[in-house]
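J.: Listed below, chain by chain, are the residues.
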Amino acid sequence: MPVKDLKGRQIWQPRTGRESLFHWVLWLIGIAIFAVCWQRISESTTWFFVWDAPRIANDIWTRATPPRWEYISQLGKPIWDTLNIATLGTIIALILAIPVAFLAASNTTPSRYFVRPIALLIIVATRSINSLIWALLLIAIIGPGVFAGVIAIAIRSIGFCAKLLYEAIEEIDTTQVEAITATGATRWQVMVYGIMPQIMPALAGVAVFRWDINIRESTVLGLVGAGGIGLQLSSSLNVLAWPQVSLILLVILAAVVISEWVSAKVRGAII
Amino acid sequence: MLRLNKLTKTYKTGDQALKAVTLDIPEGQVLALIGPSGAGKSTLIRCINRLVDPTSGTVHLGDVELTGLSSSGLRRERRRMGMIFQEYALVERLTVMENVLSGRLGYVGFWRSFLRRFPQSDVDEAFRLLDRVGLAHMADKRADELSGGQRQRVGICRALIQNPALLLVDEPTASLDPKTSRQIMRLICELCRERGLAAIINIHDVALAQMFVQRVIGLRFGAVEFDGPPEGLTPDVLTTIYGEEDWEATIEKVEDDEDEVEAQ
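Quick note, the sequences are listed as chains Y and A, same order. Here the first sequence is numbered in the numbering used here, starting from 1 and rising by one per residue. Here the second sequence is numbered in the numbering used here, starting from 1 and rising by one per residue.
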């Protein structure tokens, strides 16, 4: 007990003696594990490559600069594709995520023991697989190209959007819903008047946030052949055209900065 | 007009919120329901429009028995019962007009309400009501921009536009200052008189209840302890409802207040 009585005076300590001993032991074990891991990792590292790293990095840097600026004329279409993949993918994901969110939220689900687990499974399944892997699967199914990229981004985003939305639905103010119910409104009317207005800020925030993430994700989809600027990136890497690689990286950076700026503006406007 | 017969509600936790409450409310009577927190006041009015389903007993609104209704029948009957809430329960992110018109949801179809294409007669009525409570100029404001008293007026409009026969009012003044509380109570009672509505008003403030209503029901542990005119609330009666306390001050204050109100 933290409070001790010492000759009539109350002494307070955050922990008792036994507790602080326990804490010391925990720290000791933690440090020991860290030391062992450190040793294992250094044993299995080829140190030659590590010592060599600065020289190689410097080498690539000199090869990659200056970027090959005239190559930009060939990047307009791919970066446009990339933006479209992200935007369309996000829109499709939201359209599919809204019903899933309503089915998954414990206060709106039609059946807690049957429908809700299915909705949660959809959320977990789509979220747990990376969009690059979805793209690989979809390219095998529907062939390479932008469409595969859009669908990969859409599927990957359903779980993310639905999860954040259903959490927003579970946090709504129930008295507003009660008030709409008390007017004799149907279940659908209650949804439109009592619930939707309350989750609109969350919906808009999720949409912009996910769009922002999807722009980054769609830049790499081309690496596996799903369209967009990643396609240029992988072909330039394959032929070791470092000045082109550096230009592509700059274009991606610009796209991401712009999307960041747009989403910050939109989020500011909503809140 | 409204008849409760042995209405009982036992929650899953085993708490008995209502113990066989029997009540008969004639057409156009405004009734105050008083009692300590947890006495079952909110449960009682929610059992009437079945936001809470009663465990046993019956509720008759006119000739219709409410406890046995199917969900579509229940929706039809809910239109005849306007409800006013403690924390206003407006949909914060909708405009005042949308909030008032949401009282018509039981009468219009889904797509009309989704597209906000309410019949012109409903819109006219909404403007008339907003004008009656002095908020016509606020119709386009979002509900969360309004003050407490204004919000409660919008809540009243939403209940009245249903064209109800009965108002269920749950602590209408609990989050309002004393002056606004009186204004809101006066408004509710005036509107009930104008339209010949019956009303059940849950209220904590005994003095305020005495000032405005014709009949008071005292609830304690889910059972009716007192049923009579407001003058019948003697210190002894208040002690049986709420427990031992010096009640003289409360009752005296009522008389002073009444003088003051008449003087205004």
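Think of the hints as simulated: they come from the structure by calculation, not from any bench. Be aware that a few hints might be false.
Mimicking SDA-like on lysine to any residue, the simulated pairs with C-alpha atoms at most 20 angstroms apart in a straight line are [said to hold, decoys possible]: (1) Y:K163 x Y:L223; (2) A:K12 x Y:S106; (3) A:K141 x Y:A269; (4) A:K12 x Y:I139; (5) A:K141 x Y:Q198.
All of these numbers come straight from a predicted model, not from anything done at the bench.
J.: For which of the previously enumerated hints does the structure constitute a violation, in increasing order of number?
T.: Structure breaks hints 1 and 4.
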